[in-house]
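Enquirer: Going line by line, the protein sequences match chains A and B.
Residue 3 is where the first sequence starts when you use the numbering used here, and the numbers rise one by one after that.
Residue 3 is where the second sequence starts when you use the numbering used here, and the numbers rise one by one after that.
Mixed in with the good hints there might be a few duds.
The list treats identical chains as one, so a pair stands whether inside a single copy or across any two.
[What the hints assert, rightly or not] The calculated lysine-lysine pairs, modelled on DSS-like cross-linking and capped at a C-alpha distance of 25 Å, are: (1) Lys-135 - Lys-63; (2) Lys-98 - Lys-168; (3) Lys-35 - Lys-135; (4) Lys-162 - Lys-209; (5) Lys-35 - Lys-63; (6) Lys-146 - Lys-63; (7) Lys-27 - Lys-98; (8) Lys-53 - Lys-63; (9) Lys-16 - Lys-63.
If you're looking for bench data, these hints aren't it; they were derived computationally from the structure.
2 protein chains.
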Amino acid sequence: MKNIFTGRDIVSDKGYITKRNIIEKSLQLFSVKGYYNTSISDILAATNLTKGGLYGHFASKADIWQAVYDEAVCIWRERVFSGVRDRTDPMIRITKFIENDLRNYLGADVFEGGCFFLNMLVELSGQSDPMSKQILRGFVRISKLIQAWLDQAADQGLLKPGLNHKEIANFIVISLNGAAALYTSTRDDTIVDQTIEQLGFYVRQLKA
Amino acid sequence: MKNIFTGRDIVSDKGYITKRNIIEKSLQLFSVKGYYNTSISDILAATNLTKGGLYGHFASKADIWQAVYDEAVCIWRERVFSGVRDRTDPMIRITKFIENDLRNYLGADVFEGGCFFLNMLVELSGQSDPMSKQILRGFVRISKLIQAWLDQAADQGLLKPGLNHKEIANFIVISLNGAAALYTSTRDDTIVDQTIEQLGFYVRQLKA
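Next up, chain A with everything else stripped away, as it sits in the complex (with noise of 0.2 Å):
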C-alpha cells in the first residue's frame, strides 16, 4: 500500500519516522545526559519503543549516535551557513560565519545540552577514540575551510602580510568552542554578544 501523496510505501513511511523518532530524541538526550549517561532505556522512554522496536532499527547504541552526529552536523551547516557562501569579500563571510554559529546555531538553544560537538569532544575523549576523532575532523574540516577564506583574502590583498592563516583558523574554532562550553552553563546571552564583539575586534586586526 504506497501513501497517496508521496508514493512511498506506508510500512516503510512508518519506518521512516519511527527512524527519525529515535535520532531526534536520542540527540536531545545525548547532548543533555551525555552519550555513556544515556541508557537504552532512556531512549525507549523518550521514543515510547520497545526493545525490539528499537533494534529493529539500530543495532546498538553507537549505531544511533553515527546517525545522531550525522543529524547534528546537518542542523548545523544549515544555521552557519546561511547567508555566508554567497558573500564575495571572504573577510565578511568569515565574520558573517562567527555570528552564526554563536547566534543561530549556539545561542539558538538548538540542542537541549548545548553544543553536541563539544558535549561529546570532551566527553568521549580518552574514552573512544573512533568517536573522539570523528568530531575531531569535523573541526578540522570547519578550520580548513575558514583558512581557505583566509587565503582568498591575503590574494585579494585585504591582509596584513606574513599572517598564519592555519592557526588563526584554528583559533577561531578554538574560541567558538570556548564559548559553547561556557554559554552551555550558564545560557547567558552576553557570553554570545561577548564572543562576537571580541572575534570581531580580533578578526579586523588582521586586515591590511
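With chain A fixed as given, assemble chain B onto it according to the hints.
Expert: Then chain B, alone, in the frame of chain A:
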C-alpha cells in the same frame, strides 16, 4: 603514638595519607571518565580500599568530588600564578598568566583527562546545578582578576581608550577553555602554541 618527624599522631597520619590517596586517584578518574561514569567500584579499585575504608573518609561520591575540586584548584593555582603576581606591568602579568595556563597547566598534562574544570563544566551542566555553578564561579573569579589587571593597565595609560575590560577578560577565559577542549582530545602541542601566539596577538592589539 606520635611520628617522630612530624610530631603528628601516627593513626591520623595514616588517615591523612589514605584521604590524600582517595582524592588523587579520584581526581584522575573523574578527569578521564567523568563524574557520572566513575563508579564507587572504580575508586575502590584505584585506591585498594574496601567500601568501609572509603566511607570512613567520605560520606558520598559528591563529597569526594568536593575534595577533588579543591585539590584541582590548588594544583591549577600553583601552575598558573608562578612568576605572575610579582610582575609590575599588568599586561605582562596577563600574557604570563595565559602562557602558564596553556603551557604549564594544560600542556603539561597535569590531569590525565585534560582540564578537570572544563571537563566537569561540560559534563555537569544541565545535570548538577550546584556543581556546575561552583566551577562557573571559579571562571568568574579568574575573569574578574584579569579584568582588574586590565583596569590597572588602563590607569597606567597602557591601553587603547574605550575598551570593555569585562568583555575582554571573559573572552580570554573563553579562549582558554576552548583550547582545553581541543587539546584534551588531540594532545597536540600545536594547540597550546597556536593559542599562546594568537591570544598574544589579540592582547597586543589592546595596547595604546
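Enquirer: Does each hint fit the structure? Answer for all of them.
Expert: Going through the hints against the structure:
no. : hint              : result
1   : Lys-135 - Lys-63  : within (18 Å within a copy, 30 Å between copies)
2   : Lys-98 - Lys-168  : both (19 Å within a copy, 24 Å between copies)
3   : Lys-35 - Lys-135  : both (20 Å within a copy, 17 Å between copies)
4   : Lys-162 - Lys-209 : both (5 Å within a copy, 18 Å between copies)
5   : Lys-35 - Lys-63   : both (14 Å within a copy, 18 Å between copies)
6   : Lys-146 - Lys-63  : neither (31 Å within a copy, 42 Å between copies)
7   : Lys-27 - Lys-98   : neither (30 Å within a copy, 45 Å between copies)
8   : Lys-53 - Lys-63   : within (12 Å within a copy, 32 Å between copies)
9   : Lys-16 - Lys-63   : within (21 Å within a copy, 44 Å between copies)
Taken one by one, the earlier hints fail for this structure at numbers 6 and 7, listed in ascending order.
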